[in-house]
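If you want the building blocks of each chain, they are given just below.
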Amino acid sequence: MAINEKQNPGFQDVKSRKRWAGFNVALSVVVAAALLVVVNVAAYYATKDKPLRKNFETLGRYRLSDTAQRILDQLKTPVKITTIYTSTDPERKPEEYLPPLRDLLDEMHQRNNLVTVVAVGSDTGKAEIINRLREQLEKETKEHRQVIADFLTAADIDLPLLEQFAQTWREYPTDGWLAQFNVPKSLETITATTIEDLRKLTNQTRSAMGQSTLPDYSEMVGNITDAISKIKTQRLAPIRTVLRDLAALPERAEKLRPELNKNLQALQGQLNQAVATLSQATSATSQPGDIGEALSRFTAMCRKVSVTAEAVARNLDTLAEGEYVKLKPGWRVEGLGELPDLYRNIAHSMLVIGEQAQGIKQHYTPEKQAEAVTELRNEVPKLVNLLKTEQASVDKLLADLTKRDEATTAIFERVKQENFFEDIIGPLGSLLDRAGKLPAIATQTDLIDRLKQDNIVLVEAPDNKLGVVTFDEAWPVADKTPGESNPRDAVKRVFYGDMAVSSKLLNLTRPPLAEVVFAFFEDVPPQQMWQQQHPLFGAIPMMALSTLRERLVRANLEVTEWNINKQKTPPAPKDGRRQVLIVLPFPWQQDPSAAPDPKRPQVTPADMEQVTKLIESGTPAIFLAGYSQPQYPGGPPPMYEWNEYLSQNWSIGVRGDQRVLRAERDPDNPGKFTLPLAQWSWMPVSTFTHNPIGNPLRARRFYWMSASPIMPVRHGNPAIVEDILYVPAGMEGVYAVWATPRPDRILAKLQGGQGDIAPESEDIRPPFGLITESRRQINGKDNSIILMGIGMSFFDDYLTQRIPEIKGQSVTTEPPPTGDVDVVINSAYYLSGNQQYIGAGPVLVQPIDCPRADMLWIQILFAGVWPAVMLLAGGLVMLWRIR
Amino acid sequence: MKVLTLAKRELAAYFYSPMAYVIAALFLAMVGLIFLLGVHVPFLKISLEPVFRSGAESTLRPLFDVLAYGLVVVIPLLTMRVVSEEFRTGTIETLMTAPVTDAQVIGGKFLGAMILYVILLATTLVYFGLIAAFGQPDLGVAAIGYLGMLLLGGTYVAVGVFASTITRHQLVAGIIGIAILAFFTGGIYLLVLLVPPEQASAVSRLNMITYFSDFSKGVLDVRGVIFFVTLTAFFLFLSVKVLESRRWR
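Taken in order, these protein sequences are the chains called A and B. To get our numbering, take the position in the first sequence, counting from 1, and add 9. To get our numbering, take the position in the second sequence, counting from 1, and add 1.
Chain A on its own, in the form it takes in the complex (with noise of 0.2 Å):
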């Protein structure tokens, strides 16, 4: 546009007239600049809180679940979202797997604007946030660094001295005094395995303070705990104890050798004395009213023999307190036990001999008389004998004791002092106490171990809380298509990250939704317990749920356990929760046949009332149950304890007798299955039905152990049935499922490699539920309980090993079936009246499906031909120009 020179008149040259035009496009481009920046931050400030966006996909792919939405309204504090998206493995591609991750953050930060998202995508980056990490654990764990760095100073001191202490017994002689306890050798060994225990946890612990990874300080002072502990009390403490004891030996030895020595020759006198009585009283020349005289003196000497041999024997056993003594070759008589028995042994023999001698004295003829102290004068002898011959090992005995040598000596020197192993002990002790004492961690070894991994999400709320999504849970592995024409191809996934995020907003960011209370019985150990209670025993021990625990708080659900063999009333719900109980089946009872067990506690009915009552009181329940083998070869089928009060009351029962399987038809065979083994332990079915709990669950793999069948019962009482995971009838594709009683002779034929099966007569055969809820009104009020045949699938092993997959003649394994908790999760929340916060499953939608034979002219015809048209187009054009 023209420059108006009228309006400007003042500009005469050209040069100014330029000057004046070029101000004017610059001012105008500034404030076209200006005003561009003022909008878009206007828009952006405006819709900052109200975003005005609208989302039109109609399938719900990249767009927020109404449970996300829900938790991201309810956010007030701030959230950074780091997405740590950096394997190489081909199977965890960021290319592939992290853009859905992107959107769904990306979507949280516009419902939110409270939540910051983070991408990082390099190892250094990873590595930035990982020193990040450490910087805030470390002002997290000043107290806990203090304890490993003195750990590592004291084990420094220590080392040496246990190394010197070694030293001493390598050379202590092979004749030296202790020898003859075999104390050298054993000390060398303990203290080497010592020095071996502490080198090597000394250099894990400084391995792990100078990794780049975050270090776990929690689980290091754990182990240095531990360590210290062991060797404190099971090691070192010990052999202080024995030296001490094994130092005061000769001394003993030495004053008791007196009255030692005194008792055994009053002993010998006295039989000598006894035998000499007897042999009066049969003499030629002794009258007939003399043997009577004779035996009476005889049984008074026996009488003193056995008082001074008692003496002897308890001499002895003074001898050997601390059971040292008890090591040498001669204390045991062979064939008589130890030394202070055989004189117990001679003193009762005496008394016993005393008083057959009374006996003869009453009530045999004077003939008679004879006779039996003839017999009785061959007797004694013996016992005279063998006390000779053991008195020479008493007096080798007490020689033993008494006789030290140089080194010894000087090791007993150092024993005796007060402060013997304290420079060692010592530290050790002050360390244990300190650790003791120290607070609590919030990161927890399990974040460290999860932050670890590949692909994570970091969330990190306000007070350094920290959570982090791994990539099975925003990825879980899906479930397989039944009649895929190759059901074992690479692993697939869904996206389950709207879920696994936003449980993860929720549980850092609230207060716990529900109390989730395990209720079982528990009469012995848990370790004991656990090695008695096998699960083909249909018994659940809580010490094996740690990982649904786990799992369960980390769902933001607050967790109880009531063990009602130890508390017989329900624990009070805290701050007011909701409380939902989870019944785990009670323990393995004995064999009825055998006689019972009074130091074992038994369930009896007023406990399984606690249960009911609290039930009956309107607090939903969760029941795990699941496949149960006979307890003895022949035995009945146990019987699912709470089936009688399910049937009566809920209309539902489990027929823990029976076992699921899922076999695949035998192309070759028709009615034959086979069942790969692998599928014995891992039983894929993912049947879940619309019910609130399995609908978000439908598309993912699951797999299950020891599954049950369960049956609706109709009861007068009736309930509305409604199963959440079913086995379907007539699957008529590529498997069958069905429940056998016998699945021993099943896996018998497996594992002799006899290769097809077939349901028989006595099997259940579907439809039937594999976790059933149960509805009815209790006072007017609506409660649920589920009832879960699969109860045996939240063994800690079964949740974290890897399930194995043959391929030919190779073996891969699959991620482990972590899944199968959110099930107990999604209940936990329905049951609570949570259930808006069950989380969406992964969208359903039909991916492209072109067969091959069709992808090949459409490759042509759109890549090649469609350009070459356009092509063919212009020339055509320019060929009618040109004419």
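Hints may be right or wrong, so weigh each one.
Below are the EDC-like pairs computed for lysine to aspartate or glutamate, each with C-alpha atoms no more than 20 Å apart in a straight line [stated by the list, open to error]:
1. A:209 - A:165
2. A:102 - B:50
3. A:102 - B:66
4. A:446 - A:147
5. A:501 - B:50
Just so you know, the hints here were simulated from the structure itself, not pulled from any lab data.
Here the structure of chain A is known, so what remains is to put chain B in place on it, guided by the hints.
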């Protein structure tokens, strides 16, 4: 009306020259490649799976996402001649003495290039048809995706026109256009990686792709519309100012 006439003239210039056909063919070949065969350049570590493959999501979204970057090169090549050609051949003098304003000239040029771009974009509808035939595409996502492509393309065309107004050399205009667009896409993306994470969000709001990604997943966000419209208007305004400056320089 004058703008439409100018646009028609501009469009005719495209179609009477082999350029439109060559660019269209190249564009379709590029789209066909991405859509049906994927792109694998190992030494650049680029690996894109085909959009149309069995088991893939029934959506054009990955295609749009790649096109958003691909058009950074294609559109400046398409628009590089719109004004610089007039400078080079001297026809600009005729145009400037004609009874049209500078804004009408730029408007006409922009509209002409935009119509060509829309025609090119329309050719991708056959791919949507393919997906609809073999999958279950989401119409809402597709519609908003195309709207996003129009808004994004509009801004790209405006930048291309601006680049073309500042030089008489077509190639230079093309390079300038590519450079500006590369800054507003990949450049900002790299900048986000360099700034502290707390500022990354603010910096990323300058990235056209940030706004476009909302559209590609079916989300219509007013901020995105405002961003594209104002940026388009700004570059068109700049173009007018540059053209205007020729009168007094």
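Hint check:
Taking the CA atoms of residue 209 of chain A and residue 165 of chain A, the gap is about 12 Å. The hint holds against a cut of 20 Å. Among the hinted pairs, residue 102 of chain A with residue 50 of chain B is consistent with the structure: their alpha-carbon atoms are about 12 Å apart, no more than 20 Å. For a cut-off of 20 Å, the pair hint linking residue 102 of chain A to residue 66 of chain B stands: about 18 Å separates their Cα positions. For the hint linking residue 446 of chain A to residue 147 of chain A, the alpha-carbon distance of about 18 Å falls within 20 Å, and the restraint holds.
This hinted pair checks out: residue 501 of chain A and residue 50 of chain B have alpha carbons roughly 16 Å apart, not beyond 20 Å.
Hint compliance for this structure: every hint is met.
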